[in-house]
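**Q** Sequence:
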Amino acid sequence: MADLSERVLALAGLAQALAQVRRIADTGQANAAVLGTCLDSVFRIDASSTAAVYGGAANLRPGLTLLQDYLVNRVSDEHLPRLAMAVLQLERRFVRDQAMTDKVLRSIHDQATAAHRLGSSHPDVIAALGTLYADTLSHLRPRVLVQGNPHYLGQPGVVAEVRAVLLASVRSAVLWRQLGGSYWDILLRRRAMVDSIEERLG
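Numbering (this note's numbering), first residue to last: 1 to 202.
Hints listed in this document are in silico derivations from the structure and should not be mistaken for laboratory results.
Note that the structure is predicted; figures quoted are calculated from it, not measured.
Where a beta carbon is used, it is the ideal one built from N, C-alpha and C, also for glycine.
Careful: at least some of the hints might be erroneous.
Claimed, not checked - Quick list of the computed label-pair ranges, beta carbon to beta carbon:
1. Leu201 / Thr27: 22 to 30 Å
2. Met85 / Ala192: 15 to 23 Å
3. Ser76 / Asp110: 32 to 40 Å
Please construct the entire structure, taking both the sequences and the accompanying hints into account.
**A** As structure tokens, then:
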């Protein structure tokens, strides 16, 4: 089992992705650098380390700060923890559905060449990942409900981006479980997690 600091990175990846989901749904715009980190992680299935999934731990500073705020009860967006719990529930159902996990992995593999050539944030890649989420994970219950500005959530490009980043959040949730993460960490090891985050943030 991986140590707690590794699990904290995966949970930070989850928080960072979901903060982007909220931002896109509210404003129609993502932070380009953070979006790239999220979507790149989807294609790094066989990364050599947890940090490598995200292109280095430094790319997770926004997510580590968000996670730290949550653990010390300093949450600025009350929707974010609820969204995170919904994604963690979704991940449990997803990994139990072998046909679906196989389909998702095949589709990601098929898109990897385009992502490498165009960049994972290219509109064509985002559209493909959004469609993949809509065709697979969005059918599982409970559905992950994203609130935001109806003006933006009525735009197909914005909806595709939200779905693509939700797929990235599930990638982090799967990684967290693979590293031995469980709700017990969040319930019983908050102080140790905060210490780990403070060490990471320097």
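**Q** Run through the hints listed earlier and report the numbers of any the structure violates, in increasing order.
**A** When the structure is compared with the hints, none of them turns out to be violated.
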